[in-house]
Amino acid sequence: QQQVKQSPQSLIVQKGGISIINCAYENTAFDYFPWYQQFPGKGPALLIAIRPDVSEKKEGRFTISFNKSAKQFSLHIMDSQPGDSATYFCAALRTGTASKLTFGTGTRLQVTL
Amino acid sequence: NAGVTQTPKFQVLKTGQSMTLQCAQDMNHEYMSWYRQDPGMGLRLIHYSVGAGITDQGEVPNGYNVSRSTTEDFPLRLLSAAPSQTSVYFCASRSHSYGYTFGSGTRLTVV
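Each protein sequence line maps, in turn, to chains A and B.
Quick note: the first sequence uses my numbering, first residue 1, plus one each step.
Quick note: the second sequence uses my numbering, first residue 114, plus one each step.
The set of hints was computed from the structure by calculation and includes no laboratory data.
Certain hints may be false.
[As the list claims (entries may be wrong)] Here are the simulated SDA-like cross-link-like pairs (lysine to any residue), alpha carbons at most 25 Å apart as the crow flies:
#1 Lys42(A) - Thr214(B)
#2 Lys68(A) - Ala24(A)
#3 Lys68(A) - Pro52(A)
#4 Lys5(A) - Leu158(B)
#5 Lys42(A) - His142(B)
#6 Lys5(A) - His142(B)
Full structure from sequences and hints, please.
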């Protein structure tokens, strides 16, 4: 059972365009939603994260939009650059000592010139 | 400051062999975990630990064993390797603010 569903599986965007990746979750106990960026041969690295008490969080060209009633959240990459080409994972967890990070299945983003 | 260090980076095993994947962190994080990454399936939690001497199972624990004798180290043991365990394995530690730091991974092939 996939607790965090992510789409699309792959995405091709032209340089300067907007990349949008969507995720949906089922467990309403989740209260922390991070996005991870992974380059080939490397481990995932935290990109940006949001808690459900806000609807949007922006850090540079990266924005998370959060819709608590729909149990959905998305990552927007503005002015996408070739260096953004990577695999992106959404994730969710319920905070607490024994919290477990649950990942989506990943989106492979390619930004073309 | 090395963060999370995993060894080895690559390993080929024969079916039935055992081995230990090493993970060490120097950030004094209490929480550590092991994930496996397979195409189209994201990262799935194998085992985790909330502190020295305390471990628990994740989503896919079968065929794996862990122990946590120190805060710094969290080794993952494959008891009898199977081709289904061919994967990329990531160790991660977590800060109190829920920021996870991942190692660079171990690519394991079981033939």
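For each hint, the structure was consulted:
At roughly 12 Å between alpha-carbon atoms, Lys42(A) and Thr214(B) fall within 25 Å of each other, so this suggested pair holds. A C-alpha spacing of about 10 Å is found between Lys68(A) and Ala24(A), which places the hinted pair at or below 25 Å, so the restraint holds. The suggested pairing of Lys68(A) with Pro52(A) holds, with an alpha-carbon distance near 6 Å, which does not exceed 25 Å. With a C-alpha separation of about 16 Å, the suggested pairing of Lys5(A) with Leu158(B) holds against the 25 Å cut-off.
With a CA separation close to 21 Å, the supplied pair Lys42(A) and His142(B) stays within the 25 Å bound. Only pairs whose Cα atoms come within 25 Å are accepted, and Lys5(A) paired with His142(B) is rejected, the gap being roughly 29 Å.
When the structure is compared with the earlier hints, a violation turns up for hint 6 alone.
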